[in-house]
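Chains as they are written, first to last, in UniProt numbering: chain A, 1 to 123; chain B, 1 to 870; chain C, 1 to 87.
Rather than coming from a laboratory, the hints here were simulated on the basis of the structure. A hint or two may mislead.
[Claimed, not checked] Capping the alpha-carbon separation at 35 Å, the derived lysine-lysine pairs in DSBU-like fashion look like this: (1) B:K491 <-> A:K40; (2) B:K623 <-> B:K29; (3) A:K57 <-> A:K40; (4) A:K57 <-> B:K590; (5) B:K775 <-> B:K572; (6) B:K29 <-> B:K572; (7) B:K491 <-> A:K57; (8) B:K29 <-> B:K775; (9) B:K775 <-> B:K713; (10) B:K29 <-> A:K57; (11) B:K713 <-> B:K590; (12) B:K572 <-> B:K590.
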Amino acid sequence: MARVLVVDDATTVRMYYRDVLEEAGFTVEEAVNGFEGLEKAIEQSFDLLVVDVNMPKMDGYAFLRQGRAMPELRAVPALMISTESEPQDSARAYAAGANLYLVKPVQPQTLAEAARVMAGIAS
Amino acid sequence: MKNALLAQFIPEARELLEIAGSGMLQLEKSNDADALNDIFRAVHTLKGTSGLFDVAPLTTLVHAAEDLLVEVRAGALTLEPEIVDGLLDSLDLVGHWIDALESREQLPPDADGMMKGRVAALRRWLDGSTPKGAAVTEPQPAPAWIAGWPEEDLRAAYRAAADGPLTAWSYEPDEACFFRGDDPAHLVSGAPGLVRLRVVLRQPFAPLETFDPFLCLLRFEVISAAATEVVADHLRYVADQASVAAIRSEDLIGLAGPQDASEIFGDFAAQARRHLAADDRNGLAAAAEALLRIVGPDSRQACALRWIAFLAPSAAPDPLLRLIGEIGGDCPAGTAVNQEGSEIAPAAPLRHVAEQILAAQAAVLGVAADDGVAEGRIAAVRTVIDRCLPHVAPARASRLSQTLASRGGDDAAETRRLREALAADAEPVALTAQDRAPSVPATAPSEARLPAGAPDGGSVDAGSTEIKAPEPKPTEESRGPVRMLRVEQGKVDALMNFVAELTVAKNGLAYLAERVEQVSGSRQLGREIKEQYAVIDRIAQGLQVGVMAIRMMPVSQVFQRFPRLVRDITRKLGKDVTLVIQGEDTEADKNVLESLADPLIHMVRNSLDHGIETPEARRAAGKPAQGTLRLSARQENDNVIIEVADDGGGIDPQAVREKALRSGLITAEQAAQMSPEELVNLVFAAGFSTREQVSDLSGRGVGMDVVRSAVRKAGGDVWLSSRVGAGTCVTVQLPLTMAVTRIVTIAVRGQQFGVVMDSVVETVKVRPSQIHRIKQRETFILRDAVIPLVRLADSLGLPVAGDAVPEEEAVMVVRVGRERVGIVVDGFRERMEVIVRPLDGLLAGLSGFSGTALLGDGRVLLVLNLPDLI
Amino acid sequence: MPFDLRDDCLLLHGHCPIEEGEPLLDALRGTACPVVDLSGLEQAHTAILQVLMATAPAIRGCPADPVVAACLVALPRAEAPGEGRAG
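Put together the whole structure using the sequences plus the hints.
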């Protein structure tokens, strides 16, 4: 089973991603901030990262930057999801190492399809 | 799925609102960057999460608040008290909506209108003079309650509105609002532009015997000929209980009643249209009135006719045409409800998705990577491209596959190679996606908004200050937060009940052991049962402590609302008060704390209203201009002690004395014996404040008897100490928990009763010769203190015993409030833990008892309510 | 005192504060067919209005305050008093 790490400080949002991604065939692991995300990534391996931007302790950008420099996470596709929709927001996400930038709220189908393709589990 | 998600969202949203609200107060006190960040993140998270639900007004309002905070954080805007007011009011409104979401799973119907008003208010600070406020006056869908109004009222409102602004608002004061000193009717009465109002009962009044006049059950529905902002401003202190919406006069034209399909209406419609086309308004009105004389008055059509007759002379043609359409049945276009829902588009082939993701990879490579990211990012892009290959056109897949295979060169070279390959025969997804976005949101990743060609190697926002190195705080537990469970309170309560039952049931084992010894004479078996009992007892106690710990909450849960309350009230009263909160970590049972909430608000209000003086008066009295209100909590044995202390003017015992005398509460004789402290405590006496307007007295009194009865109902007590000129301190004592009560049983005239252990000070034997009569009351001396005696048998009206006066009286000294009283009983029996259940059924009216308890052997014990007996 | 007990009715006048709620309730509860005269009433606390709504006495006189009027609109009306007092 493909494994996805969801990093978001909002409990409801994590629950939503979990629902959608489990439905899409993923095993979901959660982290409440970038820091916890990195810890999880050291312990376990993942096929996909779904990352929020604004989080306490360590934000999504910092998480991705650190991740891209770590053997465990450097090549893991990352989907960044945030509320901001200006062009510079996606550019900033890409600079930090994201592979795709989506704007909240993401429709279930959009998330499921993008996640399946990026994790390589779409048939 | 949505519902579970919503159930998750509601507590999270409340938590975020709480963080933002308390952060705001913190920020107002001191300019604290951390507090600002906390608020910002809370609001931001709330905005993001709310987007998952169909709550657009909520999201928009929170967004506006966030925009304002962005300016504050950037230093472009100073946080004036008015702005804090605006933000807090908005958060209150959001809190109110969250309540609505919880109970009805949707926002109130007037949410959109409310939101517009708030957003406009917030925007005013944001862009100074820019008249973005135009959006406010844009009318909203009218609130649903208008439809419930009688036609005449609606027409009267219509007439009064003329062409000015109209606002429909409703105000549902919460039940306990009187305790906060609110007078909703007065507030409504003073509202601007009052045109028509209705007062509705939210629920039927209780029967007169149990009717509580201090529980506010009204709801006000009002139409004002005033601008929404003016009304909203008038209601700002009760914003969470009111909803305000701008409406158009047409919104008042409501039709009610059953449809009447008579042909006669069709004829009328044709005729009416002709009148209108010829602008023959009098003819139209006459035709409507003529038809009204023929048809019954109850139908929807008749209702429309009355409106036509009313509107014909003055109204614009549009509403008239609509009404005519309603009568004739042929609705003109526009009234039909657009029911086209959000159909789910057929799943797009993943090829499209894959192409979008590939386009994103091209965009990724077009943006310069942050330091240290480049190498890893290329690896990730390669992974992603590779995973997209199965979904794209075969030719494109093989070309990309070759590019992935041909490695070599540095990162820059590889980036270039990949970008070229991606661009080579890319499908024009970005554009298509953008075009499709509005109609097929479900399949278009929002990535499409990325500009097609980001500048080569151009550094993006390199100087931005927001990209900071991570700052993990090593001092905090870095292993992630403590895992928490959110549990419905009902479940814990049920568990608590079982624990309490177990505690009682286990007492049965002790009886059983005794009976075994008596009946079978087997001491061995009896002892074994006792040993078993000891084991179960230990487990039950552990269980009880555990479950009680779950229900324990820090008093901060109750205290947290006070910074805001104190701030609002002092601003309103023009006083300057610092609130000092102490011991907020003290824990107590949730139910106990909840019972404390309203009395506490009341006491704090009293302190601010009557206790603490205005800055001028304080200065004149040689005190600092700023008053201090101290709210503190601490645990003492099995009680939690809450104190509300102010350094205000204090209560004059002589003023209280005179008032109590005048109102006949005490006799001159009693008054002569009372200490100043006893005198000031008379403010708690029922009936003290009802005789006269309390504000006459430089103290307090409004409903302090209500406070006392609420606290006593929860098994606690309240008293007060005061020094004239120096301040007043109200002390509330409450049991830590209400679930299991330790009692001692006493015997009187052959009957057993329970007395709560907490109130028992000691038990003594008193000889009849030691009992003295002072003023028709028996007393005895206990270590230099005179203790009044109460004969329980007399108080309970039990039959007189025939036997002679015993050599010694068994006296139980109990504490009632702060007084000690001796209770004469026949004897003491045992101590035990029981659950005291309130009296119900036949016993409900019984005075003198606080409840019943089931004993281990199945008997029912009445538990005495001592204050009733003394 | 903002309310007086006359031979034929209860008279509310001036400003009627919340403290009058309980005595008023008691007075109304203790009367078989209570009549309340509001001619002189200027303002009444919401709690007072609730007591009137709950006990539903016959009302005499027209309250000046629109909110008071709206609260009491459903209550029965008492005929004007026999002699003298404006109603």
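Self-check item: Structure versus earlier hints - violations, ascending order
Solution: Per hint list: 5, 8 violated.
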